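Using the sequences provided together with the hints, build the complete structure.
Counting in our numbering, the sequence shown runs from 1 upward without gaps.
Since the hints were made in silico from the structure, they are not lab data. All of these numbers come straight from a predicted model, not from anything done at the bench. One thing to keep in mind: the hints can contain errors.
Pairs of lysine to any residue residues, derived as SDA-like cross-links and limited to a Cα-Cα distance of at most 25 Å, are as follows [stated by the list, open to error]:
id	residue 1	residue 2
1	Lys254	Pro24
2	Lys52	Ser35
3	Lys278	Lys375
Across the chosen pairs, the derived CB separations fall in these ranges [said to hold, decoys possible]:
id	residue 1	residue 2	range
4	Pro382	Asn49	56 to 64 Å
5	Lys216	Pro288	36 to 44 Å
6	Thr38	Val117	45 to 53 Å
7	Ala190	Tyr30	32 to 40 Å
8	Pro24	Leu383	51 to 59 Å
Where a beta carbon is used, it is the ideal one built from N, C-alpha and C, also for glycine.
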Amino acid sequence: MKEIYLDNQANTKISERVFNEMLPFLRENYGNAQSMHTLGARSKDAIENARKQAAALVGANEQEIYFTSCGSEANNLAIKGVAEANSAKAKHIVVSSVEHFSVLYSARRLSQAGFEVTYLPVDKYGMVSPSDVEKALRPDTAIVSIQHANTEIGTIQNIPEISRIVRAKKIPFHCDAVASAGQIPVDVNALGADLLTFSGAQFYGPRGAAALYVRKGARIIPQIDGGIQENGRRAGTENVPAIVGFGKACELAKNEMEQNSKKTAAIRDRIITELPKKIEYIYLNGHPTARLPNNVNFSVEFVEGEAMMLFLDQKGICVSSGSACASKALKMSHVLSAIKIDAAVAQGSILMSLSKYNSTDDADYVLNEFPAIVKKLRDMSPLYNYFQKTGKRQEAGPGTDYDHHHDHEEQE
Numbered sequence: 001m002k003e004i005y006l007d008n009q010a011n012t013k014i015s016e017r018v019f020n021e022m023l024p025f026l027r028e029n030y031g032n033a034q035s036m037h038t039l040g041a042r043s044k045d046a047i048e049n050a051r052k053q054a055a056a057l058v059g060a061n062e063q064e065i066y067f068t069s070c071g072s073e074a075n076n077l078a079i080k081g082v083a084e085a086n087s088a089k090a091k092h093i094v095v096s097s098v099e100h101f102s103v104l105y106s107a108r109r110l111s112q113a114g115f116e117v118t119y120l121p122v123d124k125y126g127m128v129s130p131s132d133v134e135k136a137l138r139p140d141t142a143i144v145s146i147q148h149a150n151t152e153i154g155t156i157q158n159i160p161e162i163s164r165i166v167r168a169k170k171i172p173f174h175c176d177a178v179a180s181a182g183q184i185p186v187d188v189n190a191l192g193a194d195l196l197t198f199s200g201a202q203f204y205g206p207r208g209a210a211a212l213y214v215r216k217g218a219r220i221i222p223q224i225d226g227g228i229q230e231n232g233r234r235a236g237t238e239n240v241p242a243i244v245g246f247g248k249a250c251e252l253a254k255n256e257m258e259q260n261s262k263k264t265a266a267i268r269d270r271i272i273t274e275l276p277k278k279i280e281y282i283y284l285n286g287h288p289t290a291r292l293p294n295n296v297n298f299s300v301e302f303v304e305g306e307a308m309m310l311f312l313d314q315k316g317i318c319v320s321s322g323s324a325c326a327s328k329a330l331k332m333s334h335v336l337s338a339i340k341i342d343a344a345v346a347q348g349s350i351l352m353s354l355s356k357y358n359s360t361d362d363a364d365y366v367l368n369e370f371p372a373i374v375k376k377l378r379d380m381s382p383l384y385n386y387f388q389k390t391g392k393r394q395e396a397g398p399g400t401d402y403d404h405h406h407d408h409e410e411q412e
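Here it is in structure tokens:
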């Protein structure tokens, strides 16, 4: 049976070149980077080389890159670290309603410690309005955090415009670029970010290494206490093999991003264009054009997302239903809720995230197998049965806006 991996937003296959770069630091060069001997120095040099590679990917100075274990840790360090550093005079935080849970839960934790949080709404495509950001700012705003792109629906935000508004008020601005870094150009100066999160697991690097860019002069309180690692901002023995792999993945992403994104965008467009021709009552989620090149997210009406995911898995197709961190929670995705998709329709959401290892053959296999799966599930659905007989949607619930979905189709 074919095996097609379309869950690359959760984790990508490690590049062979990245893996080979890591191997010596698992075998021969195993010294602690803080040790003063030769083996320690080799590890230290390798970390500093990776820091240069990571900085080059996002247009930063190498002294502004701090390694963490993952994007979630980097987001926690950014939100909590800056908020705590400014807490004497600022007790207000602004985030969007579609942020990753590591941002939303960091903000929630701070709200329990006396901070006030403003959650910005988004439009039907998941876009944050710069004017909403401007209205939310206050003299006591400690930090604003808006993601570069959404991991679930692929929408790319107008970060340069948002950051211009925030930084004009001299408020620190954080941008979570985990979904976008390595897929599309990410430059901290062009984006106007004071802090920016990116992670190697999303662009063919290893799990266990990510980075937080912190602009020189930004005040931030460490969230892990212990040693002097990462210039005192992130204690803990460095995961040298993962950091080395992350650095190599950053170098490869910088050099090969254009060809990789062209390839994934072509496959994405094929699926987005052809699938609605084969399946009725299917709606694209996210922005039709301001969209990550590797993101496909549909809601399929009258069908459960989990069921589609399991049936696709039986055909060797690995996808996600909602975001990777929410897939085990039997509730509507907070992102789909924020873009005001009817709850009954949102239950049938399916996310396909592509990589450079995917091909047009993979897309054709999905286009061939997926419609039959939807038909099979709809044949078992009492909701679809009722709709077939009456032409009415049963108990669609308040706030249903089916025109909203047809708007998606018209823009394709």
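Here's how the hints hold up against the structure:
1. Lys254 to Pro24: 23 Å, holds
2. Lys52 to Ser35: Holds, because 21 Å separates the two Cα atoms, which is no more than 25 Å.
3. Lys278 to Lys375: 10 Å, holds
4. Pro382 to Asn49: 56 to 64 Å: 60 Å, holds
5. Lys216 to Pro288: 36 to 44 Å: 38 Å, holds
6. Thr38 to Val117: 45 to 53 Å: 49 Å, holds
7. Ala190 to Tyr30: 32 to 40 Å: 39 Å, holds
8. Pro24 to Leu383: 51 to 59 Å: 57 Å, holds
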